[in-house]
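Heads up, this note's numbering is the position in the sequence shown plus 498, with the first residue counted as 1.
These are calculated hints, taken from the structure and not from any lab test. Do not take every clue at face value.
Per label pair, the in silico range of CB-to-CB distance [said to hold, decoys possible]:
{"#": "1", "residue 1": "Ala712", "residue 2": "Asp539", "range": "50 to 56 Å"}
{"#": "2", "residue 1": "Ile724", "residue 2": "Lys560", "range": "30 to 36 Å"}
{"#": "3", "residue 1": "Asp667", "residue 2": "Asp614", "range": "34 to 40 Å"}
Nothing here was measured: the structure is a model prediction, and the numbers come from that model. Built from N, CA and C at the ideal position, the CB exists for glycine as well.
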Amino acid sequence: MMEYDSKKILTLRTLDKRSTDRKSTNMEKVGFEQAIQELTDNNIAVEEVVTDAHLGIGSIMKKKYPEIKHSHDIWHAAKNLGKRLGKIVKKKANQILIPWLKDIVNHFWFACSKADSYEEFLSIWRGVLHHITNKHEWIQSQGTGINGCLHDPLDKNEVREKPWLSTSDHARVLQDLSAVILDKRFLSKVSYYLNYRTTADIEVFHQLILMYCAKRFAYTPPVYRIRNLLAAIDHNYHSNRPLKTNKD
């Protein structure tokens, strides 16, 4: 478990497959449950937990820790959104959207960073459907007062690299795009991303663990745990060091 702001490792669990009936898929769930239980048992106030979209961990959070905010790594959501957009542009008629794909994914990041509620997110997020048709104001605001794009006014004389879409000529294209943007399953998970969190730092720590526990070697459980703890000590000791930069 890493504290999000300080990046310090608070606790670390290592498991033997035999403790999970040799099912490696259960190890992350069991390790997570043990770690968060250790924190709460030691009266450490846990306000939010950031993980990937692990179903087992999600179930634990809902059943045992409903009072703790559970966030997911926004990077994975953006990546999955990009994949779904990539599928719809395989249709020849939808290839006009290709220049817009990166901007649409970036708009998802932007909406998550700006919104404090689902309603605010939806007001900002669905605005992309208006923006790509060169309409930057609309009527519905989901009760948030946001009924227009949040960018600065556009220069009408600017030479555009991306074509605007027409609501009449590209009606089917916009329909396919709307199916992705307003997908109910996608929107039902938005609450996990509104705190704009990422697990990138813990993934960097996992790479450090490999320096102490290279996969090409076998370790007994006690030795493996000690090597993990050494990695945690190394990480915590150097976590406040400034980044090394070149002359530029």
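Consistency of the hints with the structure:
Against the hinted window of 50 to 56 Å, the Cβ-Cβ separation of Ala712 and Asp539 comes to about 33 Å, which falls outside the hint. Take Ile724 and Lys560: their Cβ atoms lie about 35 Å apart, and the range 30 to 36 Å holds. Range check, Asp667 to Asp614: Cβ separation about 37 Å, and the 34 to 40 Å hint holds.
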